[in-house]
Each structure stands twice: as structure tokens, then as C-alpha cells.
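So you can see what is in the structure, the chains are spelled out below.
2 protein chains.
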Amino acid sequence: MSFEGTQAATLNGTHPLPLSPEELRKIDAYWRACNYLSVSMLYLRQNPLLREPLKPEHIKNRLLGHWGSDPGQSFTWVHLNRLINKYDLNLIFLSGPGHGAPATLSNSYLEGVYSEVYPQMSEDIAGMQRFQKQFSFPGGIGSHCTPETPGSIHEGGELGYSLSHGFGAVFDNPDLIATVVVGDGEAETGPLATSWHSNKFLDPVTDGAVLPVLHLNGYKIANPTILARITREELEQLFRGYGWDPYVVEGPGPDQDTEPIHQQMAETLEHVVLRIREIQKNARDAAAAGKTCPDRPRWPMIILRTPKGWTCPKEIDGHKVEGFWRAHQVPILDPQTSAPHLALLEQWMRSYKPEELFDESGKLIPELKELAPKGKRRITANPHANGGLLRKPLDLPCFADYAVDVKLPGQLSVSSTFVLGAFLRDVIKRNMDRFRVFGPDETASNKLQQMYQASGKAWMAEYLPEDLDGGYLSPSGRVMEMLSEHTLEGWLEGYVLTGRHGLFNTYEAFVHIIDSMFNQHAKWLEKSKMELRWRAPISSLNILISSLVWRQDHNGFTHQDPGFLDVVTNKSPEVTRIYLPPDANCLLSVADHCLKSSNYVNVIVADKAEHLQYLTMDQAIKHCTKGIGIWDFASNDQGHEPDVVLACAGDIPTAEALAAVAILRSKCPEVKIRFINVVDLFRLMPEEEHPHGMSAREFDSLFTLDKPVIFNFHAYASLIHKFTYRRANHANIHVRGYKEKGNINTPLELAILNQVDRFDLAIDIIDRVPKLQANASHTKEWLKDQIIEAVNYAHENGIDAPENRDWTWPLELCGK
Amino acid sequence: MSFEGTQAATLNGTHPLPLSPEELRKIDAYWRACNYLSVSMLYLRQNPLLREPLKPEHIKNRLLGHWGSDPGQSFTWVHLNRLINKYDLNLIFLSGPGHGAPATLSNSYLEGVYSEVYPQMSEDIAGMQRFQKQFSFPGGIGSHCTPETPGSIHEGGELGYSLSHGFGAVFDNPDLIATVVVGDGEAETGPLATSWHSNKFLDPVTDGAVLPVLHLNGYKIANPTILARITREELEQLFRGYGWDPYVVEGPGPDQDTEPIHQQMAETLEHVVLRIREIQKNARDAAAAGKTCPDRPRWPMIILRTPKGWTCPKEIDGHKVEGFWRAHQVPILDPQTSAPHLALLEQWMRSYKPEELFDESGKLIPELKELAPKGKRRITANPHANGGLLRKPLDLPCFADYAVDVKLPGQLSVSSTFVLGAFLRDVIKRNMDRFRVFGPDETASNKLQQMYQASGKAWMAEYLPEDLDGGYLSPSGRVMEMLSEHTLEGWLEGYVLTGRHGLFNTYEAFVHIIDSMFNQHAKWLEKSKMELRWRAPISSLNILISSLVWRQDHNGFTHQDPGFLDVVTNKSPEVTRIYLPPDANCLLSVADHCLKSSNYVNVIVADKAEHLQYLTMDQAIKHCTKGIGIWDFASNDQGHEPDVVLACAGDIPTAEALAAVAILRSKCPEVKIRFINVVDLFRLMPEEEHPHGMSAREFDSLFTLDKPVIFNFHAYASLIHKFTYRRANHANIHVRGYKEKGNINTPLELAILNQVDRFDLAIDIIDRVPKLQANASHTKEWLKDQIIEAVNYAHENGIDAPENRDWTWPLELCGK
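Residue numbers (my numbering), protein chains in the order written: chain A, 1 to 816; chain B, 1 to 816.
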């Protein structure tokens, strides 16, 4: 595999021009229609087609929106339309530049899709006026490609994820092309900068193609962009180094004639589309002939260098505007109050000659209308951009078949995630076309390696013989591992947004790297689910958090942060779910539930290390279905009011809480303890605040109205208070959780530092149960000694003492 | 400006070898000493120099730590030592690979620095044994370059920031070279991938140099790395495209002889160091000659391709180890229990010939000792890596000189951040060598543009004439703008860690992009401040959050997220501070305080839009000093118990709360309202939990023991409950905050959607004050009508009605 030439092809050859004069005229006219609509939606509340002279009262009172990247995006779009028609392409469009929605909206309207989705925004004068007015207007739509935008799976509100979303969309969609316009501002973000490497994970045989269009318009909000201010040589080297084959389209020249760049774009884009097809054909023919490991293709990409705000006024009040950052947002700021500026705006808008583009009724004239693709080939009608329409449920094996055989609670230690790996392996096997697992080089570390029995890890870069030792590599692997949480999360989002299924596994501390991506996806989901019936439900985004705070024996303090849950609980209860399965059977039940669900972000917290197992599969299913429950085997308040409620959420806090119970049953058998375990964290919320929330009656019957409650929690304690502060017994709820104390510690030592350990819990209970306080002082001293001994043992031996490390639930308490 | 040759210089020429046989022998021996120490700290608790045969009881009970990148890093280090000595270099070392601490620790110990900082870890057998045992051992030190590591300013626990930290360190340190070893795993992260572009922001005249060493050892935890599996041509193109001049050092060959790569590294590194000096001399000579805008240099970098786990056993039990991912962590897993593996370990350790390297007492032999640089030139003794030692306080102008002239409260609207910009401008002017402001292309958007009067924006890429229009560009600009929050935050961290001062400004919603970086920096600060007296205090990391949730009129839902404060409050109270100044004079006072402080992360929340101003500078200083207080002009409970307490935090919630007071004073003059404003959020916490916390007495005297409290909060409501749930009157505290409701809305409409608006607050008060309930039903109806009218007006006109938009505090209430 070699590069095609050493200079990017600019196609300035002498062969016949790709567009006939007639085609050129029409394409340019269609583009003018896009641009007219784009500028009109920034400004107009009335007089949609300028059929009367423009007056201040036609202008919106507040001007909001962004012009800068619209013309370049629409330019790309109209040329894509030509090729969709010519080659029957199955193509979607992702708009990377944050505020470039007017381009997508204009095109959706001209394609007729907008009016089909929103009948009020009809293809006539009245509809166009509503369409223009609603843009960036209170009660209307936003200036990004929000969920309200037909054809969009990428909002662009937060920059950096367009390319990873595009790759996610085409994985396992061999026929699909995702054109991704990458803004040169966005290109400076870290997530975008590394996502160019996604080409090492795309199989030309089974996946579709991403066609990036780097839109080099030179400026961000108020600064030049880096990529526009390096040499052409550097720019091309950068993209060749990223493994792409760049083609530069540049213009217009100083004479401002747009014909040459139209011809150049038409020819380049056609060449590039044919090149994509050629790469795919070569790879697929080779695969059909039994060749398994093709060379990595150098996929083509386009670098489109056009002026920022292209076609707007060159200068306003002595300031350069077209081709400068002053064209980023609204180029003319005060047409309502400045007559010269109103005239300039009118002149600008009339330069697109709307009277030639729309008929008397306000509809695009037929000769232009026919340039748009038809039916589902229209970019904004492509069903891949409303992925729920295409979504097929997973073919799931029965999760109970993977159960750990629990005969008695708390006797057996197993890695719960290892067990989950077997289930996921078979999910992969049965759903090779629609399910992938994503993780930043931590899949085996998180003990999910049984999955590799079903599929390798996706890899299109070079191979070495040793790659077969351990989870193997494969071009079409279902397990995606790259050391970029951003890219993985972006791939997964693109994958589920286009109707497929997946799971992201990552170290707990570093899931914060994608806090902001989670926020944006949750916001997208909420709007789609609650306000947009035309968007079919998509698979939930499943995030498995492992390598938890409590087992960072060698990674230490940097790897201790369970705060992602706090971020999650700030988002809408309609789309957020958090599960803390205490053992493997619960984890299986929860995972099955999550994989079947739609329109949520499911966060599952489960450690990878070996932990005690408690529930049979039947018990686990019941427990997970309720989401919270009393564990009888660990409770001795049956038939009584308890003296104390010991609650817990999370595998490690559960084990420590049980150990505390065992100590007290032995040392203070008179205390009546109710043991509660929480799997579904939102059960703790009031029912008015979360669909999973409990009524006051339910909550009070579990947690009592007046007894002390010790809650041993996986994460930061305040989260439990956040969920329960309205509960009747809240003043008696005492939460233990991670207190930001730790370094290199044994598991028990770290628990002790944060007081979630068995001994501190037992002391806590003694302190809070009045009837114990008289006689338990000896026990308290003993417990305090245990703490000191545990820490001393750890510091001396580097491990916990066997009686703590290998602790199991007392057999004599199993009969209950 | 042209590249130096088209192929990377591998320096395989025929000229004399750079190292004499004697030098080579010594350098290799020193490297063996590093490697011996690195492997020994993974394994040994006793028998530190293998002076007796290795036995199971000498081995740690739990083996934790990482071998993979250690030999390559030490290899780089010993060659750097040679050049430090030869050219008297001022050089620090940043270890990007997460777990490569044994390399830094070994070198620090061999340089003698470790024993100076930790006298117990002396340069003798007993000290060496303690040094080995403490590594990755409970109660000991971590396996990253944690704050406990002398010479470290970069922990590497979370990957991606080594290069941006390195750049931050050398800005305004013209004499300093920061060698940054970038792991090829880390290189896949987004933050690292874009930080290569930092070279467009480094001025060769006034800044030092970063020397990146991309350590291509081929593997992550369990996968190959991308950059190791692309062609050499692509690899070099990538880095040329990033603007660097790459030199490849590669080895050893199949014969495993290390002499060639030693010679290659010695020659390349020397060439590269001289090239750095040449670039600097050219630029500085040109500057001295009055040339202001030099070409951007192509700085040299090294690509070091050596086997992962270099020098460990090639194979173990039939599995390839050296040169494969199986060398990532502990290569031999069970020497305690497997006699053959114990023997293999001993053979491996003895291969470094410790008996030749250390004298009888256990100290490095003199002929090797002399290879280390002396005094502060020793890498781990370089004071730049303990930046507090070099820190000079800022020369601050009197912030009160920038005060807004407030004659009466609530009459004047001003952008508070615009006012702050004037203060920052003069901070820049007076501290050109030690203060920078960082922001992702949003500095002008955040209204701080008065700073540009003092300094341009840093820029070393191409210039165009129009760049003078608006905030101008300049190679040595003090304002750093790149569209990468990660890079900016990394630069700022590196800048303050090396003893300087700065401020990061960013849009509120997108500060979540650096959640995890904040977490890591806070953890670093806490350990440094609370446990390591030898680390001198560094400047606080100041984060100014602007473009707030409540003013996203056109950006909409994606830009609405005030949740960063929740992330901040999970970190140690010893290092976290949050301020919500309600107006410009308070913002000035807070900013001055933050810029003077050390060892905190200060988060300041202040909107950029124009808002009412309330306090004179004297009042503002008093208010900010207390951090919380009753505003008399807005209270009418003087001399009484109030009927209700109306509290607020944040500029916009404060304005709405005041408007609610004005409504009630007019409509329900009989209600006694106490108006409290909170600037310093942690004042709300119990004094036991945060150094700024209030005692119960103070809190209760403000918030009463039993009166209803309405708290109008800037961010998510639950944070106030998190801070106050232990307060006596908590059950009566009702918090209004952002409820994740919004889209395109006018300011008042968005407030209404989330019920932080004047009308809803007034209704809330009426509902909660018993004496109002009888007679206020008419007022409540009126208020509800106002809400409906406000939304209707917004949807009709696209703006808020003038009487709401231009509302001021009633003059008749100014007299009290």
C-alpha cells in the first residue's frame, strides 16, 4: 500500500470540466438558496423572501446565530447531493463546527424533509417565515444541529467529537458514508486531534467509510486557527502522518469567481467517492478470496479552504469581515437601528437573488428541487441519522446460564466482571453485526477477557507474530481498544445513535475524562426522548465502571475518584440510571436489563477483583428487580423493630458491612440489625423526583422513622444525602464513603482510612445503639485494636492479614 | 524556514564515535545501576544488593509496579546527565508514561537527592533496603512520579498532560529545557495528541525549550500502540506535520549489543541540544537586532524506539516478554512460590552486576557517581521542579482603583468581567515575566479584552495583516488562546508548578472538559501541602468560569451546566475554594485575594453580561472578607426576627432575588425579609468540615433556627443541601437552582423554567410565610400572570420586556 502521489491532488488538469455550464449554474443557484436561507434565519422575522423592501421591523429584535461556516458547509452539501444522485450513495452528514446549523437546516428545508417532520414549516411563504423566525429564537430551536434537526446525530455544541461520531456511525454499516465536516477550530481540541487515528480501527470489508472534510476557514471566535497558519507542506504531512490521503480544494481566487472552485470540488469529491468505492471493492474482493488481513487503506479526505463567512460583505465600517473572524457570528450587528447597515444587509441578501430561486408560493423552483436526492437518500432523511428506526434488539443469551453457583452466601470469591465477560462473549457471538465493546486498553485488566473467545480486538495497523498471544487482533474485531476515552466514547455514541448496541468499560477514576461527553449525550437523549416523538428510541449508552476506588492497591491516590456518579445525578432523571450490583449474579441481571433498555445512560459500578458472592441467581433477579431490599441472611430483626439499619451500596462496602454484622453477631448478639442492600441507586430518591424513586411509605418501612441508619456507600457520602435529605428519618442517616483519603494501601487499610471498614462500622453501630453503650466498651476497645493491628500488619507485610483478606460469612449464620 | 533534510537524522555517519570506550563503559554501568534499582524496587524487601543468594523471603508479598518503560527512561536520563555536565544545562525531566516512576526514583537515589530529601533512604545498604521496600508498598510511595518524588512536577497517574506540563514549565524560563518523555500509550490520548501544537505558542526569545522524547516501546497494558505500528514514513510525516523536526534513535539490533544505540543516543541528543541552543541564539540575536516576528522554528524532538521492558528476560514460560506487552508491569509474577522463576529473577537481577556498581557500604562507586551532575544541576534537585522555591509574589496594583463607582445599589449595569479585564491588564503589565492568562478562544467573548492593551495573544504561527484588528497576536503574548481546554489547563498547571502565576478563563459548561485534570491537580496539591514540607507552596490555580448557564440565550441547552462546582467539592477542603461574587467590586476583591493566595484551586464564577452593581468597594471588601452577609438595603427585618430568609449565591440569582424582594416590598410590605448573599460558598459548610466553614452559632444566627429559608443558587440545588444538611434549620431550607431545563430562552424565561426568577421566588415566599397566606392570593395570581406574560412576550418578541430587562432596584428602597 503506497500513497497516491506525494502532493495532494488539486485536480487542476487539462481534461474536460466535470460540470457542464448548465449543471454549474444550477448547483450554484442551489447553493445560493442555502446561503439565502442561512442568512435569513439569522435576521428575519418577517418578509421572508424580500418581496418588499427590507425594513427594521422585519428584523429580529435580538440577533443570534453564526454565519461563519455556513456557506462552506452548504457548498459541500450541494456537491454531495450531486454524487448521491449520480452514484445512489447512502450518505449522512455530521456538522462539526459548533454553530453551523443554518447550513444543515437550510438544506433540510430545501430537501423537503424539514416540512415533512414539522408540517408547520411548510414549503411556502408562510412556512418559510416560521422556519426563519424560530431559529435561535426563544421557544424555537438552537443554533447547533440539536436533536430537533432532521438528519443530525451530532449537535456540535461541545466541540471535538464529530469524527469519532462519524466512525461510530459507519462501523458495521458497510454501505454507509459519513461525511464529517471538521471545523478548523474543533480540530484544535484534543479529542478531535486523536480521533484522526480512528482509521486504524476501521475494516474496509465490514465497515463503511468516513469522509472527513477539514473546513479550513481560518478562524475561531476571535483568533486564527492553527491549521490555517502552518505551511501547506506541514498540513499535508500532518494528515499523511495520520494515515489519510488529503485532497485540497481551495478558493475562490482574488477575482472572487466561484466557478473554478465549484469545478474543483465537483471533480475532487467525485474522485474521492470513487476512491472510497475502489478501496472497499479491493478489500472486499480480497476478503471474498480468503485473504484475511488486508493492508490498511489510506482513505481520502478533503481539505476545503474557503473564506470564513464566504459571500458576506467584504468589509463593514472599515473592518474586514468576509475571510476574517468578524464573520464568525452575525456579521452586521445593528440593521434595526442603522439605516446604512440595513441597506447593506438587504444588498447582501439580495445578492443571492432569491427571486430566481423560489417560485411565487415560496417553494424552491423545480429545476433546483430536482438537484436534491429523493426519499431516504436525502441526507436529512437518511434513517441512519434516526437510528432507532433501524435498531434491531440484541439476540441475548439467557444471562442466568452464566450464574455463579451460590449455595450459601458469602463463601465463594469470584471476579464479577470475569463472569460478566462470559456473558458478553456470547452476546458478541450472537450479534456480530450490532454489538461492540469499547475500552481504553483496560478490557483484560478489567477481567472481561473471556470476550476474546468470541472476537479479537479491532486493529488495522501493522501486525506482528506475537499479537496472537493474549487477546488477539483482527480487522473486524468487536472489542475496540484505543488509549483514548474520548474516542471510544465518541465511537460508542455514534454506534448507538445509528441504531446499534454497545458497552464502554473503563477505570472508575478516569471516566471523569468523559464527564462532558456524558453530559452532552444525556442532554441529547433527554430532548430526543421527551420532546421529539419522531426520533425512535435508541439503545442505551452502557458504561461499566471497574477498577474501583477501593482496589487501587498499587495505583494509589490518582486512581481514587468515585465522583462520576455525582456528575450523572445532575442530569435528567428521565435518562439516567445507576446500578451497583453487589455480586456477579446481580451484575449479570443488571447487565441483561441494561442491554435490553433504550434511551438511557446506564452506569454500572462493579469491581474487577475477586469478591464474595451472596445471592443465587433467583435471589439476584428478585433483588435487582426491586433494586433495594433487606437481606434476610444478614438481618436479625425479623419480627421486630431493628435497633439499627445497616445499609450498603457497592460490592466492597457490602462486604465490609457484612463483616461488621458478623462481628456484632458474635460480640453483641443482642443488637437487632436490619441489613439493606441497594443495587439501583435511584430507588433512594423520592418518587416525585425520579421514575425509580420510592414512595415515603416504602422508604420509611425500610429505613424506619427513627432508628439510626448507617449507610456504607461506594462513592462520596454526600450523594446519599442528596438523595435522602427529604426523607423522614434523614437526620438519623449516617453515611460512610470515600473521603479522599488514600495512597498506596492494602484494601482493608484503605477502607479503614475512609471508615468504610468492618471495624469502624461496628464501632459506629455500637455508638449509635443506646442499649449497647453500657456493655460494649470492651468490644469497642477490641475493635480499635483490630484497626491498629490491621494497619500495622499491612505496613509490615504489604498485604492484609489472612483472617481479614480471606474472610467469609460465618457458616453458622447461613441458616437464617 | 525550511526543514533540515527530509529524512530524520539517525546519525549513522562515518565520523568519530561520540563516546570513548571509557565513557561508554561508565554510562552503560550507570544505566545498569538504574535498571538494577528499578527491578529491585519491584521485588525486594530484603537483600538489597543480592549479597546473599535470593530467597523467597526477600521478595515482597505482593508484587506491584511497572517495569515496561523504566529502562528506556533511564537510558534517556543517563545520556541527559552527560550533556548537563558538558554544557551546564538547566534541565528538568517529565515522565509521561504513567507508571515509570522507578526510572525517576532510581536516578534521584543515584544522584543523592533522594537521600537528602528523605534522610532515612540513605546511600548505603540499610537506606537502599528501605528505598526498595517502600516502593508501591502500603504506607510507602506510589508507582507514579507522585508529589513525594523529588524532581517531579508531573505524576503521570492520568495520562495525556506531560507535554502541556512541559510547555507550561518553560514559558518565561528562557534558560530551561524540559525533557518530556511521552509514552506511546499516552500519545494516543486526545489531550496529548493536540498538545504537540504547543510549539506554535512558544517564543524562542523569551521562553525555554521543550525536548520531547517519544518513547516508542510498542505496547500499552495489553495492546500494541498505534504509533509503533504505522510506517516510519507516516510517523515522521506526522511529527513534521505537527511542526517538529524528528530524530529517530532505535535499537538495539538483533545482536542485542547496546553499544550502537548508546553511541547513537549520545550523538543525537548532543546534536539536538546544540540545535536548541542554535535556534535560541538565532531568535535572540534577531530580537536584539530589533526584528520582532521571527519565523517559527522547527524544534527538534527524539523518537526513541526501544523494546518494552528492555533488558528483562526475553521469554518466560514460552511467552515473549521483553519487547512485548507482557513486560508492562511485573514480568515474573511468582518468584516467591516458583523456584525456577526465583532463579530466573535472580539471574536477571545479577545480569546488571550490582557488585560492580556499588561499593561495600552500598553506595554507587565514585567513578559512576561523578557522572551525575552536581548540586542544583542534578535533574531531581532542579528548583524549577519545586517551583515554590523560585516563586516571586505578583506585583499587584491596588484592585480598589478599578472599582465601579456605586452610589446607590442596583442602579447601574456593568459587565463585571469587563471590569476585571482592566485589573488583569495591569497585573500583566507589572508582571511580564511571571503572569499569564489562559482561555480557549473565549477571552474576548468573556469580556476580558482590556487585557490586550497590555499584551497580545501568544502566536508563533503565520501572521496576516488583519491580525492587528482586535486583540493582536505576538510571539511573547501573555494571553494564551488555543481551542483546547486540556492544553490550556496543562500549560497553566506547568506554569504554576514551576513557580509562576496565572488564571484560566472558560465557558462554564465546558470546564467539565477538564474535570479530571482538576481532580488530579487537587490531589497533587493536597499531598504536597499536607504531607511534604519540602515542597514550597506554589501559586493557586485560578479558574474563572464565565458565560454562565443563565445567559445562554443563543447557545441553548448544551451550554447549560453549572455542575463543575459539584466536582470541586468532592476534593479536599484543604485545597478547594469557590467564590460567586455578585458584582464587579466583589469580583475585583475576590480576584485580588485569589491571585495572592497559594496552594489552592480557586474557582470564581462570574458572568460576562451586564448586570446590576450593588456594593461600593468598601462594602465589597467587607462582604468578601466575611464571605457571607446580610444585605441591609434589601432587608427589612432589622430589630426583628424575620418572617423569611431569602439567600442567594451568584450574580444572576442575586439579581432575581432582589427583584423578588422589591415586588414583595411593594405588594406585601408586611413581610419581614432577611436578605443574605453568599460569596464564599464554603462558608455554608460546618466549620469542622472546611476551614472556611461557619460555626453552628454563626450559621443559625444568620439563617435562624426555624424560619423558612429560600436559597436562590447559581448551580444545581443539591449542592446547597450537601453543604447544609447538618444545620439545625435544614428542614426549612428550600433551594432553587438549575434544574436541567432550558433551550433557546430569554434570560427571564430561562430563570422561570428553573424557578429561580423573581416571580416564582415571590410566590415561594408567600407560600411559606403563614401570615401572608390569608391576604396574598391576589398577589399570587398577579405573579402567575407575570410569568405567563413574560414567556409570551419572549416568544413573541425574542427578548424580555423592557420592564424586566431594564429593571433596577427601587430608588425609594435605597435609603433603607
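In short, the hints are calculated from the structure, not lab data.
Check before you lean on any hint, since a few could be wrong.
Repeated chains share a single entry, so a pair holds when one copy, or any two copies, can fit it.
[What the hints assert, rightly or not] Below, computed lysine-lysine pairings styled on DSS-like, alpha-carbon distance capped at 30 Å:
#1 Lys739 with Lys529
#2 Lys314 with Lys429
#3 Lys784 with Lys133
#4 Lys739 with Lys376
#5 Lys314 with Lys55
#6 Lys363 with Lys596
#7 Lys529 with Lys741
#8 Lys707 with Lys374
#9 Lys369 with Lys281
#10 Lys291 with Lys55
Structure-based check of all given hints:
no. : hint               : verdict
1   : Lys739 with Lys529 : between (36 Å within a copy, 17 Å between copies)
2   : Lys314 with Lys429 : neither (59 Å within a copy, 35 Å between copies)
3   : Lys784 with Lys133 : between (70 Å within a copy, 27 Å between copies)
4   : Lys739 with Lys376 : neither (54 Å within a copy, 38 Å between copies)
5   : Lys314 with Lys55  : within (22 Å within a copy, 81 Å between copies)
6   : Lys363 with Lys596 : neither (44 Å within a copy, 63 Å between copies)
7   : Lys529 with Lys741 : between (40 Å within a copy, 14 Å between copies)
8   : Lys707 with Lys374 : neither (68 Å within a copy, 66 Å between copies)
9   : Lys369 with Lys281 : neither (33 Å within a copy, 63 Å between copies)
10  : Lys291 with Lys55  : neither (68 Å within a copy, 52 Å between copies)
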